[in-house]
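**Student:** Next come the chains, spelled out residue by residue.
There are 2 protein chains.
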Amino acid sequence: MSSCIFCRIAAGEAPADVVYQDDRAVALRDRHPRAPVHILVIPRRHIANLLALLDEDEALVGHLLGVANRVARDAGVAESGFRVVANVNRDAGQSVDHLHFHVLGGRPMGWPPG
Amino acid sequence: MSSCIFCRIAAGEAPADVVYQDDRAVALRDRHPRAPVHILVIPRRHIANLLALLDEDEALVGHLLGVANRVARDAGVAESGFRVVANVNRDAGQSVDHLHFHVLGGRPMGWPPG
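Quick mapping for you: the protein sequence lines, in order, are chains A and B. Okay, so the first sequence: first residue is 173 according to our numbering, each after it adds one. Okay, so the second sequence: first residue is 173 according to our numbering, each after it adds one.
Please note: incorrect hints may appear among the correct ones.
Stated by the list, open to error - Label-pair distances were calculated between CB atoms; the ranges are:
1. A:P208 to B:L223: 40 to 48 Å
2. A:E185 to B:D194: 17 to 25 Å
3. A:R206 to B:S174: 33 to 41 Å
4. B:E228 to A:H204: 34 to 42 Å
5. B:Y192 to A:R203: 32 to 40 Å
Stated by the list, open to error - What the simulated footprint calls covered on chain B by chain A, stretch by stretch (three residues with Cβ under 8 Å from a Cβ of chain A suffice, anywhere in the stretch; the number is not a length):
6. 176-188
7. 211-219
8. 247-260
Think of the hints as simulated: they come from the structure by calculation, not from any bench. Quick caveat: nothing in here was measured; it's all calculated off a predicted structure. Idealized CB from N, CA, C, for every residue including glycine.
Looking at chain A on its own, in the form it has when it is part of the complex:
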């Protein structure tokens, strides 16, 4: 069994509040939501973070952001607005070493973004 929590969730081996999934991506609610809508979009394949993406992953990344659009629409925040955030390494507070895009909405978001 993988030691990566997002790999385990993608494999159905760990519980999560999954709101969307397909052959390449899974979207789940963040366990510590910081906005009325706070969903994570992850690739099924283990990729440590943005820096670990290969040239051939370009379409996968585009797909993940398409899924971000989709879950924002499904959650009813596409028109009102949402923020998509990816954290890389320590200064950004990356907490799980498996690429994930945060999708936050349902309230006005402040600036700067952290």
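For this one, chain A is given, so just place chain B on it according to the hints.
**Tutor:** Then chain B, alone, in the frame of chain A:
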């Protein structure tokens, strides 16, 4: 002349502190930086925001995030960490209606991201 400031910058018709460009993307320093490194990555083509992406744009989006990696490396913040942010519509504070990814680094970023 386009009324979109990012289209004008991409066309070389408006001044900007451009740090990288290629046939599909331009990266420029934010005029109101909120971190020691604060760079915007935009597509040359006018796309209003993430929601306006078409299925055939998947590779373009992946390329834009590859450029985010590149400018983070060039700015010396890849290892220390950086945050990538895209704002969509009012609640997120989207200020220019041309897709742009903020790349912020050079300091610890707080949570939540705004």
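**Student:** Now, for every hint given, state plainly whether the structure supports it.
**Tutor:** For each hint, the structure was consulted:
Separation of P208 (chain A) from L223 (chain B) is about 19 Å and departs from the stated range, judged on CB atoms against 40 to 48 Å. Hint check: E185 (chain A) to D194 (chain B), Cβ distance near 41 Å, so the stated range 17 to 25 Å is violated. The hinted range of 33 to 41 Å is satisfied by R206 (chain A) and S174 (chain B), whose Cβ atoms lie roughly 36 Å apart. The given range of 34 to 42 Å is respected by E228 (chain B) and H204 (chain A), whose C-beta atoms sit roughly 36 Å from each other.
Restraint check, Y192 (chain B) to R203 (chain A): a C-beta distance of roughly 36 Å satisfies the suggested window 32 to 40 Å. Coverage of the stretch 176-188 of chain B by chain A is violated [criterion: at least 3 residues with CB-CB distance below 8 Å; count 0]. Interface restraint, the stretch 211-219 of chain B with chain A: violated (0 residues with C-beta to C-beta distance below 8 Å; minimum three). Here's how the stretch 247-260 of chain B fares: 12 of its residues keep a CB closer than 8 Å to some CB of chain A, so the rule of at least three is met and the hint holds.
Of the numbered hints stated above, those contradicted by the structure are hints 1, 2, 6 and 7, listed in ascending order.
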